[in-house]
Every structure is written in C-alpha cells, then in structure tokens.
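J.: Residue-level listing of the chains:
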Amino acid sequence: MYYRLQNFYQNHRRYVLSRSDAQLLGQDVNIQNSNCEPFTTYPNGTPVAPCGAIANSMFNDSIQLFYYLNSSTAIEVPLLKNGNSWWSDKNVKFRNPTSYNLSSAFAGTTRPPYWQKPAYLLDEEDERNNGYINDDFIIWMRVSAFPTFRNLYRRLSHTNQFADGLPAGNYTFHITYNFPVTKFKGQKQVVLSTITWSGGSNLFLGIAYTVSGAVIVLAGFIITAIHLKLRKKKTYFQR
Amino acid sequence: MCRARRSPADPGSVAEEERRVKANAREYNEKFQYASNCIQTSKYNIITFLPVNLFEQFQEVANTYFLFLLILQLIPQISSLSWFTTIVPLVLVLTITAVKDATDDYFRHKSDNQVNNRQSQVLINGTLQQEQWMNVRVGDIIKLENNHFVAADLLLLSSSEPHGLCYIETAELDGETNMKVRQAIPVTSELGDISKLAQFDGEVICEPPNNKLDKFSGTLYWKENKYQLSNQNMLLRGCMLRNTEWCFGLVVFAGPDTKLMQNSGRTKFKRTSIDRLMNTLVLWIFGFLVCMGVILAIGNAIWEHEVGACFQIYLPWDTAVDSAFFSGFLSFWSYIIILNTVVPISLYVSVEVIRLGHSYFINWDKKMYCAQRQTPAEARTTTLNEELGQVEYIFSDKTGTLTQNIMIFSKCSINGRSYGDVLDLLGHKAELGERTEPVDFSFNSLADPRFRFWDASLLQAVQLGNPHVHEFFRLLSLCHTVMSEERNEGELYYKAQSPDEGALVTAARNFSFVFRSRTPKTITVQELGRAVTYQLLAILDFNNVRKRMSVIVRSPEGRIRLYCKGADTILLERLHPAHHELLNVTTDHLNEYAGEGLRTLVLAYKDLEDGYYEEWADQLLRASTASEGREDRLARLYEEVERDMTLLGATAIEDKLQQGVPETIAILTLANIKIWVLTGDKQETAVNIGYSCKMLTDDMTEVFIVTGHTVLEVREELRKAREKMMDSSRSMGNGFSCQEKLISSMSASRLTSVLEAIAGEYALVINGHSLAHALEADMELEFLETACACKAVICCRVTPLQKAQVVELVKKYKKAVTLAIGDGANDVSMIKTAHIGVGISGQEGIQAVLASDYSFSQFKFLQRLLLVHGRWSYLRMCKFLCYFFYKNFAFTMVHFWFGFFCGFSAQTVYDQYFITLYNIVYTSLPVLAMGVFDQDVTEQRSMEYPKLYEPGQLNLLFNKREFFICIAQGIYTSVLMFFIPYGVFADATRDDGTQLADYQSFAVTVATSLVIVVSVQIGLDTGFWTAINHFFIWGSLAVYFAILFAMHSDGLFQMFPNQFRFVGNAQNTLAQPTVWLTIILTTVVCIMPVVAFRFLKLDLKPELSDTVRYTQLVRKKQRAQHRCMRRVGRAGSRRSGYAFSHQEGFGELIMSGKNMQLSSLALSSFAARSSSSWIETLRKKKGGDSTASSPSGGADKPLKV
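Residue numbers (UniProt numbering), protein chains in the order written: chain A, 1 to 239; chain B, 1 to 1201.
Some hints here could point you the wrong way.
[Stated by the list, open to error] Simulated crosslink set (SDA-like; lysine to any residue; CA at most 25 Å straight-line): (1) B/K815 / B/T280; (2) A/K229 / B/M292; (3) B/K811 / B/D275; (4) B/K367 / B/G357; (5) B/K1101 / A/K183; (6) A/K229 / B/Y1110; (7) B/K1101 / A/S193; (8) A/K185 / B/Q312; (9) B/K1097 / A/K185; (10) B/K814 / B/E780; (11) A/K183 / B/A309; (12) B/K720 / B/T697.
Hints in this document: simulated from the structure, not taken from any laboratory.
Turn these sequences into a full structure, and let the hints guide you.
T.: And the structure:
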C-alpha cells in the first residue's frame, strides 16, 4: 500500500538541503550550521529534532484497510510497518541518539512545529521503529525525484486469508486526515500494488522497449536496402 | 639583468631624433641614456613571475569567467553547487599554465644569457679588456677577430687589411652568404694600433635607431673636420667577420637599438584559428547559457508565484526573498552556476595537454631526425599543432632552406663532349650511388680534398693533354676575381666573392690548373705542376647588364688572349659564326644541364693581335679617365672586344638543393599548398632555384616578371599579367567570355575568385624594389590578386621587413593559414609574422630557430610535419572538440530539463561529486587518449594521398556547422537521458516494493547511463585503437563505479554525514533490474541514430579518408591512381647563371691591388696612387645603381613600414 502525493515538490533545492544528516545519525551537532532554516529552533531557542523542512512536512495521515468478509463484518487487513525502508538507510544512515531510553535521548529538543508528537513517540509499540529509525520517517526523508511520487506506506502481512494477497471483495480505507494538501493545490491518493521480479508494474518501460526495438529493426532494414542499392551503383560506375 | 634600459617604445621617453656618440667617452654618452648592449627577450623574473603571470592568465576570458563563478558560488542564497566544483579545476588549470610559462621563460633567460655573456674585447682606458657583450656601451671601441660575430652596430674604424677594408658575411641579416666588403673612412683607417685608437675622440652624429639594414647616414666630426658616413662604413650586429684578421669599430647602436633587433619585430602571441573559433563558440555557448538561465529564471518566478507561494507552508521562502521576482533573479545566478559546465574549464587544459602530446610526437619523430647534424625536429611552440594541418600558403626562404648554399662543379661540356655523367659499364647514364668511387686527385698535391668529381674521363683528358680541355681549365683558373691565400706551402685558401666562382676555380685547381696567387698585374697558375705567370692586362668586369666577365692576359709566350665566361644567352651571340656545329652540340648540352636544374656558364676565348690590343688599351685608358659618359664608353669598348670569340665549352654548377626539396614541393603542391619563395638573393638566382626545385616548370603558360621601378610601372606590369591570364582563360573558352561584362563590374574580392579559377599555370617573379610599391596600401590588393592567381610566386631582393609584409598581406586578405620557413636572421620577422614559423637549424646561426615555432634541419621534413603531424593534429583536435562539446551538453542540459520538474529551483540532477569529477576524471582520459593518439589513415597513406590534406585547409572538420551538429547530438542525448528515466521512475518501485523513484536513485541512474553513453560514443569516435585507448575507456568506467561505490560507502558517511548523503545508494540502486533496463534502453536509443547516420554517410558520401581507410582495409593497393608525383623532368629551358651572387667592382678592386696584402704586393705605390680612384668609381657605381637597374637599388627606396 502506497500513498501518492501530487504537486509536492520534494525535489526543490532548498527542500532537499533542509536536513541535518549528522543529527539524524544521532550525533550531537549544532544544527545552526546546517541548512535547516527556518525549522531549526523555536523562538525560545529549543532546537528542533529532527530539524529541517523535510522532516517538518512529514506525511502523517494514518491509513487503515478493512476487508469486508461479508456485507457487514469487516476485518482490518494486517499490514506491516517494518521493513519498508532500505536496509542501508535503516541501519547506516539513521540512528537514534544514544541514551538509556529514547525520550531521554531527545531531551532538550522538541518536535518539529507541524508534528503532533515528538520523534520518540512515532511508534510507541516497537522500540526498533521509533525515533529517527521509524520506517515512515526514513521513507519520507528519502526525498522523491519528481513532484508526483508514491511512497511505500504498509506491506500486506501474508497471513490467514491474505496468504495469497488481497482476495477479491470489498475494502474500505479508514484515513485519519492530518496532512493538508489543498493548500498547495496538491492531491493525495492511496495506491495498492503488487510487485514482480523487476519491481512494480511499469508500463512505460515496456512500451519504450517495444517502440525503440521496432524503430531500430525498421531502420536496419532501410539502411540495408540503401546499402545494397548503392553497391550496385558503385559497381556500375566502376565498369 | 638589463638595467636602465631605455626602450624606444617607452612612451615616457622622447623619441630620439638624432644620435650623438663620442668615442672613448663613456661619461659623455651616458647622459643620453642609450640602450645598453644587453638584450632581454624573457618576460618574468622570480619576483614578478607570480603576479604578472596570474594577471596575464586572468586576462584570458575563460579564467576570469571561472573566477566569477567561484565568487557566485560563495554567496549562499544562490550557491547551487559547492565551491570546490569550480576551484579544483581552476587551480589545476592555473597551475599547469603557470608551470608551462615558467619553463618557457627559463629557456628564454638561458638563451639571453648565452648571447649576453659572449665575450668581446673592449678598449677601456687605453687597454683591451675582455668584456661580456651586455657590458658593451655605445661609444666603446671594440676589437673583432676573424670569424667572430659583430657584437653591436659598429662604425668601422680600421682593420688588419689595407685601406681599412674588411669582409663580412651578412647571412644572419639577409641570408646572403657571399662576402661583402666594408671599408673604414680613410682618416680612421690609419688608426691601427691601440694607443692611437685610445686617443680617438671623434663624435658621430647620425640617424636614430631604425630597421633599415642597407641605409645609414651620419657624420663623423673629428679634429674640426666633417666626414660623411654611409652604410659602407658600418658593421651591423649579426654579421660575421670573414677573412680579416681583426678590425676595430665604434659602437653606435647597441642591444635593442641595433638594426638586427629593430628588424626582429615584437613577439606576438600566436593563436590558432581553432583557438579563435573556440573562443567565439565559447562566447556563443555563454550566450546560450544566459538564455537558458533567463528561461529558467522566468520559470522560477512563475512557479514561485503560482505554486511556490502555496507551497510555503512546507517550504517558506528564504528570509531575504520577498517576492517571486526576486526569487527568479536569484535562481538565474544559481542556474548559471550549475549550467556552467557547458563551458568546461577543463576544455582549455585538455586542449593544452593534447597539443603538448602532439609536440612530443614531433620531437620524438625519428623520421624527422637528421642524423648528419644530429638534430631532431623540435616543436618550440606547443600551441600551434593543429594549425599545421590547415596551411595554405608557405613562404620559404631560399638560401639555406631550399638550398644548402653549396656550389658544386658538377658537369662540363668541352669542345662538344660532355663530362660529368657517371656511366655504367654499358655506357648508359647511371644514377649516383653510394658505391660509385669519386675521381682520385691524390696525384695533385694542391688539390682540394673536399672536391668530388665522378667522371674519370675528364681527368684522363687532362692527362692525355687534350688542348681544348687544357684551355678550358686555363680559362677557369684565369678568368675570375678570386683571391688566394697560401698560409703554408700548398695550403691554398680561396676568397671567392661568390660561391659559384669558388667552385669553378676549385675545379680547375683539382684538374691541375691551380690558381696560386695574383698581383694587380699578374696571375700565377700552376699548370700541370709547372708554375706559369700570366700578365694580367685587363679585367672586363661583370655587371648585371653584361652578364659576363672577361680577362685579357698575356701568356709567357707573349700571346695575348681574351678569356670570357658568361651567361649563355649573351655569350652565344658573340661567338664566331664559323663554329656552328660545336655551337649546336654545346647548346644541346646546355639544355640538358639546365633541365637538371644546374646553373650554366659558357666559356669562350679570343686571340688578340698585339697591335689591336694596344689600340684598344689606349682607348680603354682614355675612356676610364673620361669625366663624362665613362660607363657608356667603357661598355662600348668591352662590347667591341668581346666579339667573334671561339667557344670552349660550358660549365654546369649545381647549387645544391637540400635533400628531397623538389619532391617535397611537388607533394605540397599536390596538397593544394601554395609556395612562395621570398629571398634576399638576386632575381636570376631565385628563378634558377625556382626551376631546379620544380616550382617553375617549362610547362607553365607564362612566368611574369615584375621589375618596375616606379609605382606606375609596377601597376602596369601587374595589370598586364592579370589581363593575360584573363585573356588566355577566355580564349580557352571555359565560359569566361560570356561573363566578360560581369567580370569588369565585379568587385575586387569576386575578381580574386575568378582569377583563382583560371586554368593554366602561371608564375610571378617580383623584385624587391617593385615589391616595395606593390605593397603600398593602394596596390596591395592588386598584387595579391595577381600573385594568388599564380601557381608559384618568387620575390627576390626582398628585405626582412618586406618578407614580413608579404606574409602580413596574405594574412590580412586571405583567410588562410600561412607558414613561413627560413633559416637566417633575415627570416625572423617573417617567421614571427606568419601563423606558423618554421626555422631550419642549419649553418646560418640560430636566430631563426629561436624565433620559430617549429624547427628541424631539412626542408623535406616540412612534408612530414604538415601532411602527417599537422593533419593528424588537426583531425585529432577537431574530433576532440566535437566530442568535448557533445559530452558537456549531454551532461549539462539534463539540468535544464530537470528544472521543469523541480520548481526551477536549480536543483542538480547529479550528486555534486559527480559534477566535480565528470569532466576531470570520468570522461577526460578517454577523450584525451583519442585527441593524442587518433589517426584516420596511417602515415604512409597520408603522404601518399596529399589530397587528404584538403579538409584541413577548407576547415571542414570543425566549424560552426559541425559544432551545431555536436550540440544537437548533445541535446538529443540529454533529452533521452532525462526523459527515459523520468518515464520509468514515475511509477517504479523496487523489486521488494520499496522506494525507487527517490531523488538519489534517479541521480545515480542518470549519471551511470551518462557515463556509459559517452564512453560508448568515444568508442565510436576513436578511429585508431591503442592499448592506451582501451585502458582509458575501460579504466574510466571502472573508476566511475569505484568512486561511486566509495562515495556511497558507509565509512565516508560516518565521518562526514552532511557531505556524503548518498550513502548506500549505489548498491541499492544498481542492484535493481529496472535501473539496468533503463540504462540499457537509454544507451541504445542515444547511440543508434549516431551509428545509423555514420553508416549512411559512409555509404552515400564517403570522404577521401574513408575511401583510403576502406582501401587499406581490403588491402587493395591502388596507389597509382592518386599518385601523380612526377619524376624530375629532363627537358628544361636554358638558364644561365653566371655569378649570381656576384657584385660589380671586384675586377677593379683587383686591378688596383687594393685588396691585396701589402706584403704580397710589389706595386704598393701603384695601389696607393690609384686607390682613391677605384673607391670613387665604386661609389659612383653604387650611387648610379640605386637609381638604375642594380638589384641593390630597390632596397634604397623608402620602405613602407
């Protein structure tokens, strides 16, 4: 399950720069020197953790999927929130500050202004998915290449009746709206998709290969024809 | 090193109006602050190097531009890239250039030092002291010894020879190697010893420093008397003292004021046409860059207004930015920074590196190494190589460049029999081989061991006592103006005024007719071992009109005989009609000799009756003392006696051409290069050499000779020549007749093109004095048109400055690359003026080499330099530039497309390290390898098909059109490079469903496909694969991936988390099949059209080089078709060349005994008596000549500078 945002310029230069990787690595750094402005400190001087425009604008809707076993009973589809980010990001690039517990590690800092809860409460259930190493956060921090993009939100847990994917039937999304998109004339969507050996479905690649292959073959024929015709001419001249 | 130098160009100092120099008075002369004798050609010293060099470097637009970019990048609001992306290449460039400049200057310092530290003897406080050249001051009296270079411009005071005569060789100045006489004015010529000289306190007042080599006017004030001084009294710097033990001179001009230095002109920094084109293109690209910046800035302003304003909740504007407009303004500069890679700084460094590589190829070329002199070819300037592939005009010096300046007695025809050919056993003419044994002259103790002759039959004829042969050599040993010197018994040295005469007398010497000594009235000859003394009755001297000289001698038996040698055209008319048959045979021989390019002379004699002679001598005496019409009367008398002579035979002298000159000229002509010979020599000599090196041929429709003395004459002559050319082409009926009206109304430039299209071969020979007029502003175009319509142009009697003017003229009106080649100091100005200057490192000193851009020791190497090295250099440079612009456009334009998708925020597509390293690491070496090693056809084929040279002249391989094709290809690539990944990434996810469409993955994908595409493209462009090419191309790809993984590694990130943000990206992205599918698709789609286009071009419109390559490939040897090199033709017109470098007046000199050592002269009183008279006549002749037809006269005309 993906969420898809349109017209959200994650690839804007100032947006891309607006983060402190050192801070996200759990280092105790002075974020004043980073590009996090204006999401660096509160007016009272408390530093923001994590700082910067990217972190501040993190997608924070919560989406639940319900499957209607029959017309009246709906069960929540089991979705995984772990293992959705790159291994290298989760294990190398992001690290929580070290302390005896997470909340003390974030002591002296405060949440980004748009956040509803501080970083150490992103996932209260799983210690290994909390703080900077929260998968949703990591995925958001990996900025997209284009203004329209989709990020992985949850993966289906292949258990019980969902062992072979989502069975056909009726589904309902329960979405808690936290993330405003109308203000920047954007849209948000939820996408359900499967994957193959080469990744998600990719119509463009298929079409592009077919078209270019066809053109090359055609060009090959034309050139061969020209070549043969010309060779005849050449021999004629020689005589 | 040179202190207190008052340069004439210094605006602070008032221009010198006249020069006052007092001998032996340093304090007096000091107050004028004349330049010292120290010359300085270097630019920097240790302290000034850094500031001056940096200042110079930042005058280069490119460097300043990058400095400006660097400053932009330091402003945080607009800095879209880190500062190191610019500073690293900039520092690299500046350092490399500085090191190169420093090395160049070091060598200049060295050569300056070497010249400045030469020793000379200066008279200080009454004693001779050794001083370095640089310490010689104006007003010093210095002593010169034999075979020493003259240190400064001197007024000759006295010499070891009687009457203050002294001989000099002016080869360094004007390229003429025959000796010239200079004479001290009579009052000072007695100042022989040091004590007298120390008291000499004359003051010279003369003209200010100038560059006229043959003019000097000044006055000597001494002991209340005034003496006029002329050029005849001057020894100029660069001359060499010859055959004179010593002489004393007063320094008048020193160092930079000397005529030699004044003539050398300013060193101009030479740029190639590709350089200029490159600069224009860079400016265009810069304009293009600004346009893109403006488009993107407008985009940014609109975006910020429409979208960004709403997006502010997530991304507020910078505090400084208050409106969309201002944001757009900032974004303009940001885009200028990230798009600057379209004008890559590494372009200039790479170009320099490639040129350096090519220069080393020239230096290392074993086929341009002269084993005899042990001199390799040398590229002294490393920045001109590719221009060698575009040369259209070659301006060549003659003496020492085309010829070796050695005269050799090669053949002779005696009484109808020709000697000198080497015959093989069957009696056929054989080519001279290594094994042929020269005739052994060991029996003759007086023989010159250097003389070589291969036909033994001539020696047999001498030994058998053939009277004709004897008479022939007797004539050669008697009829000349050579002086002999016998230092030890049997050790003869001849002082010949012209090398031709020297060769003839030496020949006679080896054939046992040894000219031993002469007095004003006698000549002693060792005839077959027996000393015979002839009484010298008269010398009928050579001059330009007569073209012959005679002597009248009385043999010991009392018989009076006139011996005459001279040009065939003149002499054959004066023979006795009785010997008709002999005349015909000899004429055939003469034709044969001339066909081989030999200089011929006809020899004849006449017996005179005692009574007749007495009468004639009487008339001669009266004529020579006549006050009026003396010249005419003498000429008539000479004419009278030189009649009805009996033909003895003819000689053929070889003005030895350098090896391979005719072949080289033929090949260069086939390569469509026009060769002009500019020589200081006489017209006859020049024309003769023109024939012998096949520049002029008898197939030519006509050879125009322009010798007019006035503006009108010259104009008329040029006009006639043009008319003739037009007429003949019209009469040939090739369509010109109908265009007659058109032609007459055509502008000058159109006319040129019509004239150039003229069929038929013409040649133009123009004299120095005519050239002076032809080069005037209103006539230069006419001259150029005429000259360019001719296949060959020969300018004779030209001054060094005129040489430069001719080159300048062609440079100015023809958009063609000029090359000047020469070996003497007189060629320096021409070498410096031409686009490319080539110096022959020969015998004439090193001035030319020092001023040149390329130097080697044989003219024939020019062929290899141009056709092989030049052609390749040009080809490589063009390919390099095309590819370079292509790869940078492909690289940079992606940012432009990305701008539309990132809110025009100047976000880069690539990682900043990739941007820094792309040009200097990932793609630099393969293209450098191509630029250095590529070749389309092998060197043998390049020489075999001179036509292959033409694309360079026509500038076909890199011009604006080619540039736009490259740019278009680059832009096409960039479009695909961006939009294919864009299409793919819009919806893509990884194979485990996680993110793929993130910015960093996109960056890696695009960068990887870019590196692969440009590597494949360089593979396609490389025509000649060496191991190095393979190594660099594969190496670059490997290095790319290595660096990519290193930059994205954990370790670096742990150390600098804020710098290396792409951690883990490489392994994650490049593990995805989607990414590789994208890369492959991009590569194929980018490359396929190029392949298809190239294939079609090869198939439909192959270039000559393609054909040659193809031929090479299928190993068909069709050499004959293209090879139209003719073997040296046998038929030729007769050209007689008596004493071409001969001067009038020597006969008189001898007869007066003036130039004889006093000790060897019995009749010293006689000499003293007649001394004034001969000098008078000599002067008169000189004076008359300058207005009449003497070749030296032209030089006296005011030159237009």
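J.: Does each hint fit the structure? Answer for all of them.
T.: The hints, checked one at a time:
1. B/K815 / B/T280: At roughly 16 Å apart (the allowed maximum being 25 Å), B/T280 and B/K815 satisfy the hint.
2. A/K229 / B/M292: violated, 45 Å
3. B/K811 / B/D275: holds, 16 Å
4. B/K367 / B/G357: The hint holds at about 17 Å.
5. B/K1101 / A/K183: Given pair B/K1101, A/K183 is violated - Cα atoms ~61 Å apart, limit 25 Å.
6. A/K229 / B/Y1110: holds, 19 Å
7. B/K1101 / A/S193: Answer violated: B/K1101 to A/S193 is near 54 Å, above 25 Å.
8. A/K185 / B/Q312: Roughly 12 Å separates the two Cα atoms, so the pair holds.
9. B/K1097 / A/K185: violated, 52 Å
10. B/K814 / B/E780: Holds. B/K814 to B/E780 sits at ~12 Å (cutoff 25 Å).
11. A/K183 / B/A309: holds, 10 Å
12. B/K720 / B/T697: Between B/K720 and B/T697 the Cα gap is close to 21 Å, so the pair holds against 25 Å.
Comparing the model with each earlier hint shows violations of hints 2, 5, 7, 9; every other hint is respected.
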